Amino acid sequence: MDECRHTRDIRKVTPSALGCEECLKSGSQWVHLRLCRTCGHVGCCDDSPNRHATKHFHATKHPIIEGYDPPEGWAWCYVDEVFVDLGDDVTPQNGPIPRFY
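If you read the sequence shown in UniProt numbering, its first letter stands for residue 1, the second for the next number, and so on.
Keep in mind that a hint or two might mislead.
In silico lysine-lysine, DSS-like type, Cα no more than 25 Å apart, as pairs [claimed, not checked]: (1) 61 - 12; (2) 55 - 12; (3) 61 - 25; (4) 25 - 55.
Have a look at the derived ranges for each label pair, beta carbon to beta carbon [what the hints assert, rightly or not]: (5) 73 - 8: 15 to 23 Å; (6) 87 - 31: 34 to 42 Å; (7) 29 - 88: 14 to 22 Å; (8) 60 - 94: 20 to 28 Å.
Please keep in mind that the hints were generated in silico from the structure rather than gathered at the bench. In this text, all values refer to a predicted model and were calculated from it rather than measured experimentally. Where is the CB? At the ideal position from N, CA and C, for every residue including glycine.
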């Protein structure tokens with residue numbers, strides 16, 4: 001079984017925006033949202049045109065993102081390339097998230 005050595009680094013965070021932070025600023029669209037469980041950055045998934053969550057990982061090396069739209073109970077570790085079951089440790093949304101798809 002694949003294991004993630006970064007689960008100890010998962011933090012309770014406050015989401016940085018009600019949608020992908022960079023897409024909201026630029027007027028771009030996204031498909032799904034991902035939440036950085038190190039700092040709270042909200043970015044768009046790799047199916048989105050701009051892939052801001054992955055860009056955030058490359059810029060910061062923050063390893064764990066949560067499936068955030070809606071909170072889905074899973075996370076992904078970019079470093080170990082494995083899914084992590086968050087159970088009930090999901091981050092609630094701060095309000096309605098705009099939909100673009």
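- Query: Hey, residue 61 versus residue 12, does the alpha-carbon distance stay inside 25 Å?
  - Reply: The given pair, whose Cα atoms are some 18 Å apart, holds under the 25 Å limit.
- Message: Would the hint linking residue 55 and residue 12 be met if the CA-CA limit is 25 Å?
- Response: holds (21 Å)
- Cβ-Cβ distance between residue 29 and residue 88: within 14 to 22 Å? Because 31 Å falls outside the window, the suggested range is violated.
- Item | 25 Å limit on alpha-carbon distance, applied to hinted pair residue 25 and residue 55 | At roughly 16 Å apart (the allowed maximum being 25 Å), residue 55 and residue 25 satisfy the hint.
- Straight-line Cα separation of residue 61 and residue 25 no greater than 25 Å? holds (23 Å)
- Go ahead and decide if the range 15 to 23 Å is satisfied by the Cβ distance of residue 73 to residue 8. holds (19 Å)
- Query: Taking 34 to 42 Å as the hint, is the beta-carbon distance of residue 87 and residue 31 inside that range?
  - Reply: Distance hint for residue 87, residue 31 is violated at roughly 25 Å.
- Query: Measuring from beta carbon to beta carbon, are residue 60 and residue 94 in 20 to 28 Å?
  - Reply: Given range 20 to 28 Å: holds, Cβ gap about 21 Å.
In summary, the numbered hints that this structure violates are 6, 7.
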